[in-house]
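Same order as they appear, the protein sequences are chains V and D. For the first sequence, this note's numbering gives the first residue as 782, with consecutive numbering after it. For the second sequence, this note's numbering gives the first residue as 782, with consecutive numbering after it.
If you are wondering where the hints come from, they were derived from the structure by calculation, not from laboratory data. Since the model is a prediction, treat every value here as computed from it, not as a measurement. Hints may contain errors.
[Stated by the list, open to error] Derived CB-CB ranges, DEER-like: (1) V:Gly-914 - D:Phe-968: 23 to 31 Å; (2) D:Lys-894 - V:Asp-1104: 31 to 39 Å; (3) D:Ser-912 - V:Gly-879: 16 to 24 Å; (4) D:Pro-971 - V:Asp-1104: 46 to 54 Å; (5) D:Glu-898 - V:Gln-1033: 52 to 60 Å; (6) D:Asn-784 - V:Asn-811: 42 to 50 Å; (7) D:Arg-887 - V:Val-942: 40 to 48 Å; (8) V:Gln-941 - D:Phe-842: 46 to 54 Å; (9) V:Asp-1042 - D:His-913: 24 to 32 Å.
For each residue, glycine too, the CB sits at the ideal point set by N, CA and C.
2 protein chains.
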Amino acid sequence: MNNKILLSHGSGGRLSHELVENKFLPALHNPLLERLDDATVLDFQGRLAFTTDSYVVTPIFFPGGDIGKLSVCGTVNDLAMTGAKPLYLSLSFIIEEGLAEEELQRIVGSIRKTADEAGVMIVTGDTKVVSHGSADLLFVNTSGIGIVPEETHISGSNAQVGDKIILSGTIGDHGIAVMSQREGLRFSSPIKSDCAPLNGLVKKMLMASPNIHCLRDPTRGGLATTLKEIAIQSNVGLRIAEETIPLLPEVQAACDMLGLDPLHVANEGKLVAMVAAEQAERVLKAMRGHKYGKNAAIIGEVVAERPGRVTMKTRFGSTRIVDMLVGDILPRIC
Amino acid sequence: MNNKILLSHGSGGRLSHELVENKFLPALHNPLLERLDDATVLDFQGRLAFTTDSYVVTPIFFPGGDIGKLSVCGTVNDLAMTGAKPLYLSLSFIIEEGLAEEELQRIVGSIRKTADEAGVMIVTGDTKVVSHGSADLLFVNTSGIGIVPEETHISGSNAQVGDKIILSGTIGDHGIAVMSQREGLRFSSPIKSDCAPLNGLVKKMLMASPNIHCLRDPTRGGLATTLKEIAIQSNVGLRIAEETIPLLPEVQAACDMLGLDPLHVANEGKLVAMVAAEQAERVLKAMRGHKYGKNAAIIGEVVAERPGRVTMKTRFGSTRIVDMLVGDILPRIC
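Chain V with its partners taken away, still in its complex shape (with noise of 0.2 Å):
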C-alpha cells in the first residue's frame, strides 16, 4: 500500500502500461477511452467549445476538494460560460517521483466522481513523471470540449448597459480554504472550497431566460478581476453594491485577519452572469432553486458611464473603483 511512483511510470513502457491499465481505466473506464488510441475519435456535430486549464493547486488535498475535482470543476466550469454542454474531458498528469499511489488513486478517483456529476466522459489522456525536485507532487491539466446550443450567444464582450448583474452565491471560499490548510490555520468554523461543477446551474438559468449576455467563473484573481475582465471586453461601466455580496462571515473574518481583499479570493463554484434586466429576477429564482445557486444575488447593474470601469458602493455609503489583482496574493490557488 505504500507504493510509489517511479520515473518508470512514465517512461512509456512496461510500468506506463501497468499504471493505466491496473490504476486509470479501472477507475475511468468508458469505451472511448478503453480504445488506447493515440487519440480518441468521436462524432460531433456543432458549435464546439474548446478549452484548456493546467492545475497546480497546493495542498493537493484541501477542505471541500482536491486537485482531481478541481481539475474537473474548472474546465467544466470554462466550457459552461460560453453556454456550452460540457461532453468530454482529457485528461493529463504531470507527476514527481516519489508521490504515494495510494494518493494518485485517491484523485483519479475523485476526477471519475466529480466527472459523472457533470456528466462528462474523460476521453484521452497521458501521464508523465518528473524527478523528485522537478515538479511539486502533481500537476494536473484538463481540456475540454462542450457542444454550443445554436441560439446561445453568451460572451465575455457581450454586457449590456441595462443588464443585472447575478452572483450565484458566497465569494472567497476556495481561497481562504486552500490558504488555511496550507498555513495550518484553523477558524472556529471550518472553511470548506466551494469547487463545484456549475453546468447544470447554467442549464436551469439557460431555461429560465435567453437573454442571459455574459457568464464568467470568478477564479484566479477572483470577482474584481472577473468584473474588471467584463467591463473591458464588452466596454461598459460596472457598478456593485458591497452590501449585496454574499460572503460568509467566517471568510470575511479570515480575510481581516489575512489582510485579503475578498473581492481578489478565487472561487471554484460560482459564477456571475449579465442578464437582461426585465428576465433577471426569473433567472435569480431559477438559480436559488438549485444546489450551486442557493445564495444568489442581483450585486449591481451595467451602466453606459465610464466603460471599462468597476465600481462599488461600499457599505459606509462611498464608493470606491474596483480593479484587477495585482500581485499575487494567494500563488497556486488552483
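Please build the complex by placing chain D on the supplied structure of chain V, with the hints as guidance.
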C-alpha cells in the same frame, strides 16, 4: 531584456493579462484566440479526434527543436495517427518562477512557426506560474482537435495479418539528440532531433492508399514499445528484420557507447504504418516523395503466429523477442 517570469504572472490579475496581451497574443494571434473567453467556440461537423499530451523535456532547447516545437509536433502527430486532419490546439504553460521572458518568447515563437507549418491554430490557452523549485523551468500541455474523414478507420487495433510494416525513417534521433545536449556529449557529426509535424506525410500516404490499417508514432519507449502495443491491441504477431530498420551511424555509435537499444529510444518525427501488402510499395513510394519520409522502409510484416509477440531477425541471422521498454533509460525525453 533580462526580465524574469514572476509568480504574479500566474495570478490571473494584471501581470497575467499583460503577459497574454503583450507576449502571447502578438505571437499566436488569430481571431479565435483573441476573443479571450473562458472557452473558444468553433463550428465542427463530423468525426472528431481529440488528444492531449504534456511535455516535460529537459533541456527545453535541444538540437533540432525546443519544448515549443515538440509540444505542437507531438499533439499534431497523435491526431494524424488516427488519420485525422489536425485543426485546433490548446496551449497551457506551467512556468517555474524565474524563467527568462526572452526564453519563453522564443518558445512561443517556435510554437507559432510549427503550428503554421502543420496548418493548425492555437485557439485557447492557460498560464500557471509556480515558485522557484516547484517545477523545472517550463512544462507545456497541448491538447488537439482534428477531423477524421468518413472513410478512415485507422487504429492500433486494426493491424491485419499479411500487412507490411512501414517505418518512415531513421530511429533514435530525438532521444540521442536530447540526451547528448543534456549530458554535454559531443559526437563528430552532431545529432539533431527529428521533431516534425507528420500530418502532411500522412495526408500523402492516405492519398496513395485508403488501406492503411494502423499508424502510430514511436515516441516514448521507442519503436519496440510501439510495435508491442500494436501486436497486443490487434492480437497479431509482428516480424521485423533488423537490417531493414533505418538508423544513422552516429546514432548507432552513440547507442553502443551508452548501452542503449535504439529500438527503445524515442522519436518525435517518425511513424510506423501497417498497410495492406498489395498497397505497400505504393504507400512507400508516396512517403519517399515527402521530406519527412525520404528514408522510409518496409521493415517487416504482420503474421498470425504468436499473437501479441514481436520478433526480430537480427543482423547475425538469429531471432530475438522485441519487448516494451522496462525501466526508464531516458527520462524526460518529451
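Legend entry - Violations among the numbered hints, reported as their numbers in ascending order: none
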